[in-house]
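Residue numbers (the working numbering), protein chains in the order written: chain D, 1 to 327; chain W, 1 to 485; chain G, 1 to 121.
Keep in mind that the hints were calculated from the coordinates and are not lab data. Where is the CB? At the ideal position from N, CA and C, for every residue including glycine. Some hints here could point you the wrong way.
[Stated by the list, open to error] Taking CB as the label site, the calculated pair distances span: (1) R329(W) <-> A34(D): 45 to 51 Å; (2) P52(D) <-> T110(W): 56 to 62 Å; (3) T110(W) <-> P238(D): 55 to 61 Å; (4) R119(W) <-> V298(D): 37 to 43 Å; (5) V12(D) <-> L207(W): 52 to 58 Å; (6) A112(D) <-> A177(W): 45 to 51 Å; (7) G95(D) <-> D277(W): 22 to 28 Å; (8) A293(D) <-> L207(W): 28 to 34 Å; (9) P52(D) <-> G72(G): 33 to 39 Å; (10) E96(D) <-> R431(W): 48 to 54 Å.
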Amino acid sequence: MILPWLTPHLLVTVLVIVWLLVALTVAAILLSHAARVRTERSQHALDEAARPLVARFVLDDPADPGLRATLRDARGAFGDRVDERLLAVLEGITGEGRERTVALLVDRGHPARLRRRARSRRALIRAAAIRRLGRLALPADADLVRRATADRAPVVSSVAARALAAYPGAASAQAVLDLLRAGASVPQLVVVNSLIGQGEADEDALARIRQGLEDPEARVRAACAQVLGELTSTADAPLLGELLRRDPTAGVQLAAAGALRRVGRAGAVPALLEGTRSAWGPVRLQALQALLALPREVAAPALAEVARRGDPLLEPLLPRPADLPGS
Amino acid sequence: MDVLELTGTWVDDAVRAVLLWTAIPSLLYFLAIAVQQGVLVLMGWIDVRASSARRDVLDLAETATAPVSMSLTVVMAAYNESAVIAESVRSVLALDYPDHEVVVVNDGSTDDTLEVLRRTYDLVPSDREVRPAGSLQVRGAVRGVLEARDPAVPLVVVDTENSGRADASNAGLAVSAKDLVVFFDADSVLDADALLLAVQPFLDDPLRVVCTGGNIRAVNGCRVVAGRVVEEGMPRPWLARLQVVEYLRAFSLGRAGWSRLGALMLVSGAFGVYRRDMLLEVGGFDADTIGEDFELTMSLHRWCRRRRRAYRLVFVAEPTCWTEVPESRAVLRRQRSRWHRGLWEVLWKHRGMLLNPRYGRIGMIGLPSFWLFELMAPLFELVGLALILLAMAVGAIDPVLALTALGISLGVGILVTVLAMLVEEGARRRRTTVADLGVMVLCAVVENLGYRQLTAVWRLQGWWQALRGSTASWGEMTRTGFATR
Amino acid sequence: MAHVLAVDDDPDILELVALKLRSAGHTVTTAGSGELARDVLAAHPDIELAVVDHMLPGMTGVDLVRALRAEGSDLRVLMLTARSQERDLVGGFSAGVDDYLTKPFSPRELAVRVRALLDRR
Numbered sequence: 001m002i003l004p005w006l007t008p009h010l011l012v013t014v015l016v017i018v019w020l021l022v023a024l025t026v027a028a029i030l031l032s033h034a035a036r037v038r039t040e041r042s043q044h045a046l047d048e049a050a051r052p053l054v055a056r057f058v059l060d061d062p063a064d065p066g067l068r069a070t071l072r073d074a075r076g077a078f079g080d081r082v083d084e085r086l087l088a089v090l091e092g093i094t095g096e097g098r099e100r101t102v103a104l105l106v107d108r109g110h111p112a113r114l115r116r117r118a119r120s121r122r123a124l125i126r127a128a129a130i131r132r133l134g135r136l137a138l139p140a141d142a143d144l145v146r147r148a149t150a151d152r153a154p155v156v157s158s159v160a161a162r163a164l165a166a167y168p169g170a171a172s173a174q175a176v177l178d179l180l181r182a183g184a185s186v187p188q189l190v191v192v193n194s195l196i197g198q199g200e201a202d203e204d205a206l207a208r209i210r211q212g213l214e215d216p217e218a219r220v221r222a223a224c225a226q227v228l229g230e231l232t233s234t235a236d237a238p239l240l241g242e243l244l245r246r247d248p249t250a251g252v253q254l255a256a257a258g259a260l261r262r263v264g265r266a267g268a269v270p271a272l273l274e275g276t277r278s279a280w281g282p283v284r285l286q287a288l289q290a291l292l293a294l295p296r297e298v299a300a301p302a303l304a305e306v307a308r309r310g311d312p313l314l315e316p317l318l319p320r321p322a323d324l325p326g327s
Numbered sequence: 001m002d003v004l005e006l007t008g009t010w011v012d013d014a015v016r017a018v019l020l021w022t023a024i025p026s027l028l029y030f031l032a033i034a035v036q037q038g039v040l041v042l043m044g045w046i047d048v049r050a051s052s053a054r055r056d057v058l059d060l061a062e063t064a065t066a067p068v069s070m071s072l073t074v075v076m077a078a079y080n081e082s083a084v085i086a087e088s089v090r091s092v093l094a095l096d097y098p099d100h101e102v103v104v105v106n107d108g109s110t111d112d113t114l115e116v117l118r119r120t121y122d123l124v125p126s127d128r129e130v131r132p133a134g135s136l137q138v139r140g141a142v143r144g145v146l147e148a149r150d151p152a153v154p155l156v157v158v159d160t161e162n163s164g165r166a167d168a169s170n171a172g173l174a175v176s177a178k179d180l181v182v183f184f185d186a187d188s189v190l191d192a193d194a195l196l197l198a199v200q201p202f203l204d205d206p207l208r209v210v211c212t213g214g215n216i217r218a219v220n221g222c223r224v225v226a227g228r229v230v231e232e233g234m235p236r237p238w239l240a241r242l243q244v245v246e247y248l249r250a251f252s253l254g255r256a257g258w259s260r261l262g263a264l265m266l267v268s269g270a271f272g273v274y275r276r277d278m279l280l281e282v283g284g285f286d287a288d289t290i291g292e293d294f295e296l297t298m299s300l301h302r303w304c305r306r307r308r309r310a311y312r313l314v315f316v317a318e319p320t321c322w323t324e325v326p327e328s329r330a331v332l333r334r335q336r337s338r339w340h341r342g343l344w345e346v347l348w349k350h351r352g353m354l355l356n357p358r359y360g361r362i363g364m365i366g367l368p369s370f371w372l373f374e375l376m377a378p379l380f381e382l383v384g385l386a387l388i389l390l391a392m393a394v395g396a397i398d399p400v401l402a403l404t405a406l407g408i409s410l411g412v413g414i415l416v417t418v419l420a421m422l423v424e425e426g427a428r429r430r431r432t433t434v435a436d437l438g439v440m441v442l443c444a445v446v447e448n449l450g451y452r453q454l455t456a457v458w459r460l461q462g463w464w465q466a467l468r469g470s471t472a473s474w475g476e477m478t479r480t481g482f483a484t485r
Numbered sequence: 001m002a003h004v005l006a007v008d009d010d011p012d013i014l015e016l017v018a019l020k021l022r023s024a025g026h027t028v029t030t031a032g033s034g035e036l037a038r039d040v041l042a043a044h045p046d047i048e049l050a051v052v053d054h055m056l057p058g059m060t061g062v063d064l065v066r067a068l069r070a071e072g073s074d075l076r077v078l079m080l081t082a083r084s085q086e087r088d089l090v091g092g093f094s095a096g097v098d099d100y101l102t103k104p105f106s107p108r109e110l111a112v113r114v115r116a117l118l119d120r121r
C-alpha cells in the first residue's frame, strides 16, 4: 500500500458521503424548483383574478362600494396579490385614482405595517419599507422618511433620499443635503436627482437649494450648483457665475461651469471668461463649453479673447475664426 | 495483476517509488481544490442571497428615469459581422438606460459590415475624434469616424484598419466621452435591463467601485426575438449542453464567489462595465496579450493597489449577456487552447504580484489559486488520472480501492456542479424547466467522463504552444445567426 | 367608438389603460410587446389608434412606431413614457409619434387625449 492510513474503510465512507451529498443536492434542486413553479403559478392565477378588480376599483367605473369592501377585506395569498397590484398601480397613475388607491392601502393597514418594518434591525427591510412609504406619500410619514436619511446603512439613506421626492420642501431638501456632509456613502447622483424633483415641485425647496450655494461644505455647493443647472432657471446664472469666480474648490467651480452650460446668460460671460483661466483643466473646458452654448454674438468677444490666449487644452474646441463674428 | 512483474524488480521498485512520492501531493492537491470549491460554493450562495435581497429594494424604474445619471458608452468591436451587426446595434440602442451611446468599431472588416451600418443608420461624417488620452494607445489606423444623421440616435461608428479586437476596443474607448464604458461583442445578446443592473454597484458605492462584471450564459438553445432572449432553453448538441453547465459553474461559483471574497480575478470582456477614467489610467486593453480581459482586470488591481486606493470590483449576477458557444469540436478546441494560453501569458506577465503582500488578497489568495487551480489544473488532472491507472496496472493499489478513489473524484466533480445548480435555483430569475434541469444533471455526470479530460488536453496544448512561443490563431466562429432553437 | 390597441409590458398598466378606454366606449385589443402589437395590427386593419409604452422589451415603442411609419401606416400613436426629458421626446416625435403622455398619468387625461387624437381627422 502506498499510504497505510488510507484504509479501504475510509475511502468507502468518503465515497458514500460524497454520493449521498450529490443525491441530496439533486433532490434539493428539484424540490426548490417545484416549490418555485408552484408559487409562481398560484401567484399568477391570483394576480389574474386581482388585477381586473383592482383596475375597476381604481377607475371607479362603475362606482361599486361592494368592490371596495371585497378588496379591503382580502386576506391571505389573495390579499398579498391585491396589495402588490395596488402598489404597482400606485407607481403608474395620478389623480383621483391614486387617492383612492392610497386610501384603500391605508385601510388595509399598510402604513402601520410599513412603519413597524422601518424600525427593523435588517437594513434591507427598513429600506423596502421606506421606499413603500415614499410611494404612499402620506403626510404623516414625512418625518419618518426624513429621519431615515440619517440611517446608519447607506442603502436605507439612499432610498430615503429618493423617497423624499414625495415630500418636497425646505426640511426635506436640508435632510438630503446633509447626506453630503456625513460622508461619501450616498452617491451624489441620488442626492442631485432627489433635489431636482424637490426643486421642481416646491418653492421652499428651491430656496433652500439656492442657499446651499453658500454652504461651508464643498460637496453641498457643488450639488446645489448642479441641481440649479438641471432646473434650468436662468435667474440663477448670476449666483452661479459668482460661484465660478470665487469658489476655492475645483469640484464646485466645475459644477458651476457645467450648470452655466445650461442656464448661461449674457451676464455670465465675464465669469465664464475668468473660468477659462482657471488652474484646473476640466473647469476651463466646461467654461469654454458654456461660452459656446451661448448665442454666438453674445460670446464672440470672449471667445476671441480665449483664442488669443492659445491654451492647448481649449484649442481643439474653439470655433474657426471665420465662424466668429467680428473678431 | 502485476504487469511489470515480467520486466524485473528494479523497474517495479522505481515505479512504486514514483507513485509513493506523487501520491501525497496528488492527494493534497485534490483536497485543496475541494476546499477551494467548497469556499466558492458558500460565497456564491451568499452572493446570490444578497443580490436577491438587494433587488427587492432596487427601483430600476427610478434609475431608468432619473434626470441625471452616470452616462455610459457601449463599445462594440466588430469584425465581419455583417449578418448580425444591424440587429445587434439596434438592440443595444434599445437598451433601457437613461443616457448611453453606442460606439461600433469596424475592425477592418472584409465583408460589408460598414456598408450595412451606413445604410441602416444613415451614417454621415462626424466631428468626433479618436483621441487617446492617459496611457492609452491605439495602433490601428483610423480611416474615419461616422455618426447617425438622426441626432436622436446616439451611434458613432469608427472605421479602422484591422488590428485585433483589443486594439479596436481601445479605439472605441478613445472616442467615448461618457463616465462609464461597457465592452460588448456584436454577436451577444443582452437583457433589456442589463445596463441598469450592471451600473447599480457604481451608484451604491461611487467612490470605490471601478469595474463590474455581469453574468454570461450560452444563447444556443434560447429563443431570441428582436435582440432579446424571450425563452431560455438547453441547446440540442451535447457539446453545447456541457458548456452551459460549465458556464453555470464558472459564473455562479467562480465569479460570484471571488467577488464576495473581494478578489474578483476576471471580468469578462464580453460583458464588463468600467469607469472610463480608470481605463485611461491603465491604458485600456493590452493588444499584445491574448487574454486581454483578464489582463485588464489584473492591471486594474495592480494600479489600485500600488496607489493604496480603496477600490472594488463587483460581480453582478443578475444582468446577463447571452453569447454563442461553439458547437463544433474544432472551434471549441481552439477556444480552450486560446483561453489557457491567454491565462498563462497574463499570469506570467503579472507574476510580480504572485504571493506579494503588497497586492493583498489578489496576490496572496487569488493569484496563487489561479496558478494552482486554473493554470495547473489540467496537468494535475491528467497526471493524477494516469497515476491511478498506472498504480492499478502495477498493483500498487488494490483495483477496488483505485476505483473507489476515482469514484470519489467523480462524485466531487459532480457535487460541485450540482451545488452550483442549486445556488442558481436560489436566484429568482432563472426560468428553467424540469427537463432542462435533468439534462444539466446528466451533463454534470457526463462532463467528468471524458469532456473534462478532453478540455484538459486542449488546455495543455495551448499552454505548450505559449511556452514554445508560437503564434496563436483566433479561428473563426461560424455565425449561426440569432434565431437559434 | 373606435378600435384601439394598447401596448405595454406592464400588465397592471395595460389593464388600466384597456379598462379606461373600454369604459370610454372604444373597443380595445391589448398586446404585451412590440412584436405582438405588429401581429395584432396585421390581423386587425380597422385599428385606428395605438397607446404604446415607450419602454418595451425587445423592440422599443419608438422602434415600433418607426417601423409602422416606414410601412406607410397612418395609425395614430399616443406614447406613454416615464421619461420627460426633452431629448427623449424629440426622438419619438421625429419617428412619427403623435402625442405623449408621461407616467405617472391620469386615466382621465388618457381618455381625453385619445379622443382628441381620434377627432383630429
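Quiz item: Of the numbered hints stated previously, which ones are contradicted by the structure, given in increasing order?
Solution: 1, 7, 10
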